[in-house]
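For the protein sequence lines, the chains are A and B, in the order given. Note that the working numbering gives residue 72 to position 72 of the first sequence, counting from 1, and the numbers run on in steps of one. In the working numbering, each number is its position in the second sequence, counted from 1, plus 308.
Check the hints yourself; a few may be wrong.
Coverage of chain A stretches by chain B, computed from C-beta distances (three or more under 8 Å per stretch; other residues unrestricted) [claimed, not checked]:
hint, region
1, 60-70
2, 111-120
3, 155-168
4, 202-210
Calculated directly from the structure, the hints in this document are not laboratory data. For glycine and all other residues, C-beta sits at the position ideal for the given N, C-alpha and C.
There are 2 protein chains.
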Amino acid sequence: MTYCVAIHTDAGLVFLADSRTNAGVDHISTFRKLTVFERAGERVLVLLTSGNLSISQSVISDLSEGVTETEGLWAARNMFEAARIVGDSVRRVHEREIAALRAHDVDFNVSLILGGQIGGERCRLFQIYPAGNFIEASEAASYFQIGESKYGKPILDRVIERRTPLDDAAKCALTSMDSTLRSNISVGLPLDLLVYEADSLQVTHFSLIREGNPYFRMLSSTWGERLKQVFSAMPNPVWGDAESALSLSSGTAQPVRVTPSAQPAAAPQPAPMPAAAAAPPPAAPPATIQRAAGDTSATPPGQPSMPE
Amino acid sequence: MTYCVAIHTDAGLVFLADSRTNAGVDHISTFRKLTVFERAGERVLVLLTSGNLSISQSVISDLSEGVTETEGLWAARNMFEAARIVGDSVRRVHEREIAALRAHDVDFNVSLILGGQIGGERCRLFQIYPAGNFIEASEAASYFQIGESKYGKPILDRVIERRTPLDDAAKCALTSMDSTLRSNISVGLPLDLLVYEADSLQVTHFSLIREGNPYFRMLSSTWGERLKQVFSAMPNPVWGDAESALSLSSGTAQPVRVTPSAQPAAAPQPAPMPAAAAAPPPAAPPATIQRAAGDTSATPPGQPSMPE
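Only chain A is shown next, with the shape it has when bound in the complex:
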C-alpha cells in the first residue's frame, strides 16, 4: 500500500510520501513515490503516486521518456494544463493496459497528486483519478491524501488551515504519517519530504527520512508520549452523576434489549423466519426488541485479517 499527503497553504506546498510497496505481505519492497520535474527559476512540479506500481511506473514513463523540454510537462503553460497532461497520460496507459488487466481481474488502480508552480502563476495542487479526471485543492479543502489515508486524516482535519505556516504543515504531515505507520504495516519508511516555498521556483527543502532520522524519531516519540499524557489528564467518566450525564442504566436511557420468548416460534429454528417483524407468528409473542427505525446499505469492511 501507500500513504501520500500533500498540503497547500498560503506559504507554499508540502509533499510527503512513504516508500513501501507490497504484493501481499510476503512481497514487500521499497519504491519511491515522489517524483520531481524541475526547471529551476521557471517551474517545479511534484508528482505523488499510489496504486498498482506497474501502472504508476507506466504513467511516469509516459510523462518523461523521450519527452523533450518543449513538450509535455516541460511545456505546460500553467498547472491546470499540467494536470490535464498527467490525466492524459493516465488515459493513454489505461487504453494500452486495460484489456490485459481485465483478463486477469486486476483493477486499473492508480491515484496521483500533482502540485507545484509554473512561472508567474500561483502554487496549485491537484488530485488525479484513475479515469484521468482531476480536482483542485481549495481554501476549504487544502490537502489531498492518496493510499491509506484514514489513519492520518484526523490530525490533518484538526490542524491544517490555509494560513498554517509551512513548517507546521510539514510537521503535521509527518505526524499524520507517524499515526499511519503505527497502525498499518503496509506503509513504511523511508519517507520523501519536499517542502516548496511559494515563488521560489526551485526545490530548496527536501529530506529523505530514514529509520534513524533524529527529527522524525523525536516527533514520533514525543507525539506518542504527549498523546498519552493528554489522554490521562482528561477526566474519566463519572457514572450516575447528573452533571456528568453518563447516566446509569437505571435512568431513562436503556440499551436495546432482547428477552426470551415465552413460547417457541411456530416453525422450528432452521425453517424460514417470519418475513417482517411487523407480522410475528400469532402463536409466539415477539421477543422484546426496542429500537428506532432505520435503513442502510452501508459498506463496511469484508473479512479483514486480525487485528484489523
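Mind docking chain B on chain A? Use the hints.
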C-alpha cells in the same frame, strides 16, 4: 456506515456503537447497533452489528424471535458456544438471502462483535465475519472494531493494554469515536456506551450519549484543544542542520528527478511507449529517472469523493 468498537481488559468489557445508517448521503437515518441479551446474575451478552442493515436486522431476528429461554443464546453454556450460535444465524440468513442479493449485485455485508460473560466463565470477546466464522480477542489484540475503523485506530493502538482500567478504556473508546465522527460524516450520534464489569453478570453501566451530552462534549473539545497544544509544542523541523537531520536537498539525499530528454522519442507521443525502461529507443537518451527497484500490486482507493 457504522463505527463500533469493543475493548477487552482485565477488568471487563467496553462496548461503544454509533447509530448512523445511510443508503447514500441523501438517505441518512438512526439505528441502534448495540443489543443486549441479559439474564441478570447468570449471563450478559452484548452484540454490535455493522453492514447492510437488512442483514444485521435479520441476524438479530433470527437470534431472538421465538427463541425461548432454553434455546439459542439463552442456553449457550459458554461464550464460545454463543459465538458459534451467532455465526450459525449469520449462515442461515446468508442461505436465505444470498440468491436475491446476488441478483441485485448486493454484497452479503455484515460484521459483528459479540462479548460478554456466562456463569463462572471469564469475560470473552469475539468478532464474527460474514461467513459466520469468528476470532477471539487475545492478550496481544484486546480490541475489535467494525465499520469505519481506521480513523479511530491510532489512539486505541497507543493506549489500550490488557491492564488498562475500565474507565480509561471507556474514555479511549469515546476518544476513538470522536476522531471518527470528526473525519467521517457517515458515522453519527447518538452513541450507545456499555461498560461491563467482569463478574457482575448484569448491565450496570450504560449510557445513551446524545448531541448535548456534557461529558462527551467536554472530552471532544478538551481532546481537540490539547492535541493542538501538543502539536504546537513539538519543535518544528530545522533544515540543513546536522543535528536535526532534515537535510537540505544539496546534501546526499535527492528526490527522484525527471529531466527533459535531449531528443524526442523515436515514435511520436500518442503511439506505443517503449516496452521497458531497460530498452530505450536508441535515438533518444532516456530521461534521468533515479529510483530504487520495487514491485507492488497494492490496492488503494478507487475514486473517492472530495475531500477523501
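Here's how the hints hold up against the structure:
1. 60-70: This one holds; 10 residues, not fewer than the three required, reach chain B with a Cβ under 8 Å.
2. 111-120: Contact hint for the region 111-120 of chain A vs chain B: violated, 1 residues under 8 Å.
3. 155-168: holds (count 6)
4. 202-210: With 7 residues in contact (Cβ-Cβ under 8 Å with chain B), the coverage given for the region 202-210 of chain A holds.
In this structure, the one hint that does not hold is number 2.
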